[in-house]
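Respectively, the protein sequence lines represent chains A and B. The numbering of the first sequence is the numbering used here, which starts it at 1 and goes up by one. The numbering of the second sequence is the numbering used here, which starts it at 327 and goes up by one.
Keep in mind that a hint or two might mislead.
Stated by the list, open to error - Restraint ranges, calculated between C-beta atoms of paired labels, are given here: (1) B:Gly-404 to A:Ile-161: 23 to 31 angstroms; (2) A:Ala-316 to B:Arg-546: 31 to 39 angstroms; (3) B:Leu-448 to A:Gln-61: 56 to 64 angstroms; (4) B:Val-612 to A:Asp-173: 51 to 59 angstroms; (5) A:Ser-86 to B:Ala-438: 35 to 43 angstroms; (6) B:Ala-584 to A:Asn-79: 33 to 41 angstroms; (7) A:Leu-312 to B:Asp-454: 26 to 34 angstroms; (8) B:Pro-481 to A:Arg-38: 42 to 50 angstroms.
Said to hold, decoys possible - Chain A regions said to be covered by chain B (calculated; three or more residues, Cβ under 8 angstroms): (9) 47-57; (10) 175-185; (11) 289-297.
The hints are simulated quantities; they were obtained by calculation from the structure and are not laboratory data. Ideal placement from N, C-alpha and C gives every residue a C-beta, glycine not left out.
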Amino acid sequence: MTAPGHAGVAHGVRAWDTHGEQAQPAQKTSGTSITPGRAYGFFTDTTLCIGCKACEVACKQWNQLPSDGYELSGHSYDNTRQLGASTWRHVTFIEQFDEDRFAERDFDVFASLPARVEPWGAFTAGEQWAEPGRRWLLMSDVCKHCVNAPCLEACPTGSIIRTEFDSVYVQQDVCNGCGYCVPACPFGVVEVAKGGDGKAHKCTLCYDRLRGGMEPACANACPTDSIQFGPVDELVERAKLRTDELRGRGIPAYLYGTDGVLEDGADTTRLNGLNCFFLLIDRPEVYNLPPVPHRASSATGRGLVTSGLAALGLVAATLWAFAGDR
Amino acid sequence: MTATTSAPDPARENALPPAPPVKAVQWEWYIPIYFWTSGIAAGSWIVGAAEDLAGARDRHVIRAARYLALGGMLAGSGLLIADLGRPERFHHMLRIVRARSAMSLGSWGLTAFGSCAGAAALLQAAEDGWLGRRPRLARLSRGAAGRALHAVGLPLAAFVGSYTGVLLGSTNTPSWARRADWLGPLFLSSALSSGLAAVGLLAESGRRRCPISGRTGNGRRSRAIARRRAERRLARAEVIALAAELALALRGRASVRALPSDAEAPRSEHLARDLTLALGLGAPLVLAVARVSRRARGVRRKRTKRHAPNHSTTARIERLTAALALAGSLALRYLVTREGLRSARTPADTWRFTETKSAERAPANRARSATDSRVRDQVPAPAVDRPARERPSLL
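Next comes chain A alone, as it looks inside the complex (with noise of 0.2 angstroms):
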């Protein structure tokens, strides 16, 4: 297999020529063929989740993440609990039921039957699994790879970069281990290996199966397609039509984190979208996004505004101070 390489693929790595006849492996299991300088994410439609954590084995598996022990959380079906240094795909498990489904069911039998008898009724025109109170909410989480990326403005070492499929990617031979990534981050996804290796860790969108022209193995590894890799404007478009055919079904799917929209169609946030980004069909509290993530650099500069002018006056003062009687 002696394909031509790209410019900027490295020597021993396999380099997939997308523009001959050769075709990557991306092209068979995503449909799309990988090109360094092309922005790429995930478009993780959380109505297609079933909650299988596929993903997060095989980001385990192909990364060589470590076991997070056996702890059970109480937490419904979610015993991974968050995203973290070892732990770079969460499927968050979020159960709304009726408070008195458990009632209903144990007196009548058949109060739990439907009204009408359609085969296809679930699937059609009932969505019954779209409603609030009788449903699962799923949704597999993972590094947003923000375009304004709070954790790479963070970094004082320069060890997280931008690569060359825009995903914002943690050099483990230069990090240090500061930490200051991790308060940064407005999804709580960075971690310090506090007692590992001390170093921090996210999800790299498998820079090195994109490097070797595979897509990402969370995405491969989706039975649903809830979890889609591609080009991000792609992407985009093909979410755009998902949510628009469930709201044409009256299900309040919304896209959060594209081209900056996070509420109401006002650009509220300064991360300016995110290169990963999510249909959901709830607030995004109830996912445990925030509304309007915070990028946490916007402070620095007025900080040090306030600051200076605080030490211009507390200095004059001082000076004042001491000159005024010797």
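Position chain B relative to chain A; hints supplied.
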């Protein structure tokens, strides 16, 4: 059957997210001590520079300030490096300059200020005769070179004293991010007050060990006058610094109390906060004010008769004031850090913070985003009229 339920309540137990939406800082317990020591270093430098540039150039004050600046920086740098996940890579901090990263700016600021502090301490050591007989260096230390160094280091010291507050504010920890504009000034005023206190203590002990100061007369009376005036200069500045610190800390307290996490804090923490404000900031402020006004009277009335010996009540009160101010400054850093940790671990704080942000930018959204699903409101009525799920009548 409640077929048409209202929007699901996120506060309901089953709908609760399993973990907070943002992560708290993973610093070790001694990072607030770093804030404190670097603050003392920065504050000391400001004091030493003010004494050299505007004051009477009392060598005891300048000596204490220079050594404290270097000592605080060394201790602080040690703590910072120890906190790194990979301490041996500390120099990676100086790979790049990034204006958007308070940590990057701070690393460069610490390097620059640390160099100044090192140079000044070296000059001072030459002046004190620790480097053997170096009369030229000692002259430089007392003369224009020492003053130029103080002037150059002054903005750097102000930056080192305040950047830690900016660093905390530039995060997604709600308690800090909400008052991002005010943490820098708070930390700077706290640095100045602790620097004044530390310099006052060290200068006083230096004076006891070696009463002869270079510039003023060496008679007993002139020494006492020089000492009293130096103490009064420090006390005047201490009043200003503590007043600013107290005002900013009270403002911060109001900001923290508005957050849901504050209601979950144990009473002991509320008590600690109020004690810090009262005993760590308020009490030394009152004492410093009393000292300034009493000394003003005393100097005017009986200028020559007041030789306050070291163990007099005045000296004790001065030491108490300094100790309270130093302890208050340390406690303040610990409290601010703790409030941040609790806030990051409380989801309601993040929701409140991000909601406030959206309300600031788009006021019309607030009512909806706070009450009901903004999305559901937008959705057009379903094309198909859904049959209501009613109980089939079997009888």
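Quick rundown of the hints versus the structure:
no. : hint                                       : verdict
1   : B:Gly-404 to A:Ile-161: 23 to 31 angstroms : holds (29 angstroms)
2   : A:Ala-316 to B:Arg-546: 31 to 39 angstroms : holds (35 angstroms)
3   : B:Leu-448 to A:Gln-61: 56 to 64 angstroms  : holds (57 angstroms)
4   : B:Val-612 to A:Asp-173: 51 to 59 angstroms : holds (55 angstroms)
5   : A:Ser-86 to B:Ala-438: 35 to 43 angstroms  : holds (38 angstroms)
6   : B:Ala-584 to A:Asn-79: 33 to 41 angstroms  : holds (35 angstroms)
7   : A:Leu-312 to B:Asp-454: 26 to 34 angstroms : holds (33 angstroms)
8   : B:Pro-481 to A:Arg-38: 42 to 50 angstroms  : holds (45 angstroms)
9   : 47-57                                      : violated (count 0)
10  : 175-185                                    : holds (count 10)
11  : 289-297                                    : holds (count 8)
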